[in-house]
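As you go down the protein sequences, you meet chains A and B in turn.
In terms of the numbering used here, the numbers along the first sequence are unbroken and rise by one, the last being 248.
In terms of the numbering used here, the numbers along the second sequence are unbroken and rise by one, the last being 1264.
Hints were generated in silico from the structure; no laboratory data involved.
Mixed in with the good hints, there may be bad ones.
[To be verified] Below, a list of computed lysine to any residue pairs in the SDA-like style, where the Cα atoms sit at most 25 Å apart: (1) A:K19 x B:P1149; (2) A:K20 x B:S1256; (3) A:K30 x A:E163; (4) A:K73 x B:V1127.
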Amino acid sequence: MSHRAILSIDKISYTYGPKKALDRVSFTVKEGQCAILLGPNGAGKSTLFSLITHLYDAPSGSITIDGQDIRLKPLKALKALGVVFQQSTLDLDLSVRQNLLYHAALHGIKRREAEHRIEEELTRFGMLERAQEKTRQLNGGHRRRVEIARALLHRPRLLLLDEPTVGLDVPSRKALVDHIHSLCRERQLAVLWATHLIDEIAPKDHLIILHQGQLKATGEVNDVLDQTGHETIEAAFAQLTGRQERAL
Amino acid sequence: MMMHALRALIGIMSRECLRFVHQRERFISALVRPLLWLFIFAAGFRSTLGVAIIPPYETYVLYEVYITPGLLGMVQLFNGMQSSLSMVYDREMGSMKTLLVSPLPRSFLLTSKLLAGVLISVIQAIVFLLIAAAYGIEIPALGFLTVLPALILSGLMLGALGLLLSSFIKQLENFAGVMNFVIFPMFFLSSALYPLWRIKESNPTLALLAGYNPFTAAVELIRFALYGQFNLQAALITLFSLLFFLGMAIWGYNPSKGMMSRRS
Chain A
1 MSHRAILSID
11 KISYTYGPKK
21 ALDRVSFTVK
31 EGQCAILLGP
41 NGAGKSTLFS
51 LITHLYDAPS
61 GSITIDGQDI
71 RLKPLKALKA
81 LGVVFQQSTL
91 DLDLSVRQNL
101 LYHAALHGIK
111 RREAEHRIEE
121 ELTRFGMLER
131 AQEKTRQLNG
141 GHRRRVEIAR
151 ALLHRPRLLL
161 LDEPTVGLDV
171 PSRKALVDHI
181 HSLCRERQLA
191 VLWATHLIDE
201 IAPKDHLIIL
211 HQGQLKATGE
221 VNDVLDQTGH
231 ETIEAAFAQL
241 TGRQERAL
Chain B
1001 MMMHALRALI
1011 GIMSRECLRF
1021 VHQRERFISA
1031 LVRPLLWLFI
1041 FAAGFRSTLG
1051 VAIIPPYETY
1061 VLYEVYITPG
1071 LLGMVQLFNG
1081 MQSSLSMVYD
1091 REMGSMKTLL
1101 VSPLPRSFLL
1111 TSKLLAGVLI
1121 SVIQAIVFLL
1131 IAAAYGIEIP
1141 ALGFLTVLPA
1151 LILSGLMLGA
1161 LGLLLSSFIK
1171 QLENFAGVMN
1181 FVIFPMFFLS
1191 SALYPLWRIK
1201 ESNPTLALLA
1211 GYNPFTAAVE
1221 LIRFALYGQF
1231 NLQAALITLF
1241 SLLFFLGMAI
1251 WGYNPSKGMM
1261 SRRS
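Bound conformation, chain B alone (with noise of 0.2 Å):
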């Protein structure tokens, strides 16, 4: 049983790798997305936007540095919400159906898919990481290692919203609305694009708000890991809401609860 298991997740894993090297495509808009960001408006707003020195930051840092571990973030989140695209398109199309028809519990299918997308959504973090460093962003030598757990398991918490996602949304149309009521708001309202208290200061309820977004915390862990250290407050809320999205995700897709039978 050990061995089908690990056999069936090298076999996830490498037909997702497979994919994607098909799909350069993809792979190069989930890079350009970020890019954009930090060329064009972190030059923006460099001057309109001061940051002032906080952890884990040891003097004042320039915009574009303090939005790339965001960016970072955000090659994630696109990356999860993409593998949720996929696997609605799949479940239309049926390629989902022949995974979850394979011997194996659906719960360890469903987590391999999450590993196998988080392999890829790694790949493109680190690439994207490069070019900032190449492009002047100051990061240190060892970040680019200390930084790897981190995007794991940011990864994987972003992945499992995407499979909760997949588990809920009908239809491929249905899913325009989840890059307004998902992406956006998570993304806008986090600490990705400005510090938490320089949201506090024009609105706290917002400021609570972004406090509580899984998206915050996996930013935070992000950041804190680049600069070699370790934010357990960002690590633990990351990890529960990984644990949640995941439980909630297998529910969904449990074949009691009728997942497939909601289509008709």
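This is chain A alone, in the form it adopts within the complex (with noise of 0.2 Å):
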């Protein structure tokens, strides 16, 4: 495949006092791609979150984004990424089109194109009839779509979202989901997603399976499935978890 890596991440080790969140984990996303991070609870997803973002740094190994290494040039790394964060972080209290403004100016984008780019992305999202409603009016569908909008808005090449659909309902989960997967294909944008809720997965996803912080299997959809030689996710999953299928 000609397409090029995204996100690299290589033997990435990271511990709490004795504790071994992260043990040696090391993938890649490439541009295009929607990355599926799955994994059960306390599996170190959220931790490689943050090693990603650089809210804190990794001891050992190396993290790489659009060719700029995360701890020798976070600024250029942190450029090329858009995240969503598991919490809404939108300001409630402000309206649409001010939390995203904000955000914009965050990136140093000038006011103008600020403006043109959130009608792009709102329209894009089907809300721009609401730009100017408070954020604490929108349902958590719409406020989900809203951080989305927000996190695409500099333009980045790689987008990281941490479980976005909890909470939400059925038809708000599939409207984001086939979103997620248009944005990869229409963009080239790069996408991680983590994730517990296996129907969220296409079959032409990259599927990376966390466990106790070690990496237990990285690969499109059917090649994961040949490796264990189960016909669905779901029964993979369990095996590389050492997990009852109900348990999901």
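Using the hints, put the two chains back together into the complex; each one sits in its own frame.
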């Protein structure tokens, strides 16, 4: 495949005191690829996200975003990164537009350009007519849309999503999942998506299975199924993480 | 890079202003607190606490006049702690994360956050001063102008203290302790409510401690500036405290120190 790697994780380890949260984890996410980071609670997903976003430093191994090492060139690396955190980080007292303008300012986007991009992104998400509303008035699904629109404002190469569908109803969840997949295809965006919901995975997605801080499998859905000799992701996941299927 | 930083600074400041406008209760309670001290406490103590002529005053002053600079300091002390509280809240709710993952140096982002807080704190202090003047506290007209740089410096110092505390407080619940162990000792063990010589008369050790309290320096800086005078010693103590607190706060938010990880 000629697509180049946008996110490269190389032998990353991290410990909280005596507990190993991540143990020599390595994988890559290429442009246009939607990589699903699958793992039970405590697998190390949140730690990995905190390291990729440089909220804390990894003592060993390296993380490269769009060719920039996060430790050596944090600002260039963060420029190429859009993030949607698990908890909503919108300012509920401000309007949708004000929230997005704030983000644009943090990324140094000129005001006129910011207005243009906000209109563009909100239109894409079908949210333009709600731009002046306070985010407090939006439901969970719409808030998530605004957060994804916000994460895309500065046109990142890599989008990180930390369980973005938590708390959403089924139709909102489906709409969001479809939208993310279309972003990968249309914009050649690299996406790393942490979830524990297997029904969000498309057959062409790239799977990264993490368990107790260790990488258990990585590859396209079919490759992982071949490796494990199972027919469903549920069964493969259960085998790799030593869990019962119904635990999912 | 310069333009990027400037846009971000303006963005952070306007967000703080918008939040301030939306939280009118916060503004009102920030004003009510010092006004209660001025209208009730000071009126009650007027007859029991005589204030001798000490610089910058050239004549005997009423107790209300004496504590006005201290109450300006109080407005800023509470504001600094309030923004610290909101940063701990932001961190728990995640919006601090969106700030920290912006492609700008972390020290710049934290300093911008500090400046935004100071802008609000100076506005609150000036509004309080106007009400005090309307109430009858005599303040030289030029004092409104000369007090501004002092308010900015003291606001920065107290805001930096709040920033530092926010980097070390793990959870919102621990904040009550800050009120008891930071705000009250800092306020009572200072020259805000009584001159240092008065404390010295009753307890020299306390007076010594109050002399080292950066809040005393902030209050004296404001007091002198209000009468068009410059207190160099107070300014230097305030400035060095600011640099120390800010430096420590930036260290506390350093990714390799794992501030965010201490949550878990």
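Hint-by-hint comparison with the structure:
At most 25 Å may separate the alpha-carbon atoms for a hinted pair to count; K19 (chain A) and P1149 (chain B) exceed this at roughly 50 Å. With a C-alpha separation of about 17 Å, the suggested pairing of K20 (chain A) with S1256 (chain B) holds against the 25 Å cut-off. For the given pair, K30 (chain A) sits about 20 Å from E163 (chain A) by alpha-carbon distance, which is consistent with the 25 Å threshold. Restraint check for K73 (chain A) and V1127 (chain B): the C-alpha separation of about 44 Å exceeds 25 Å, so the hint is violated.
Violated hints, listed in ascending order, are 1 and 4; each of the other numbered hints is respected by the structure.
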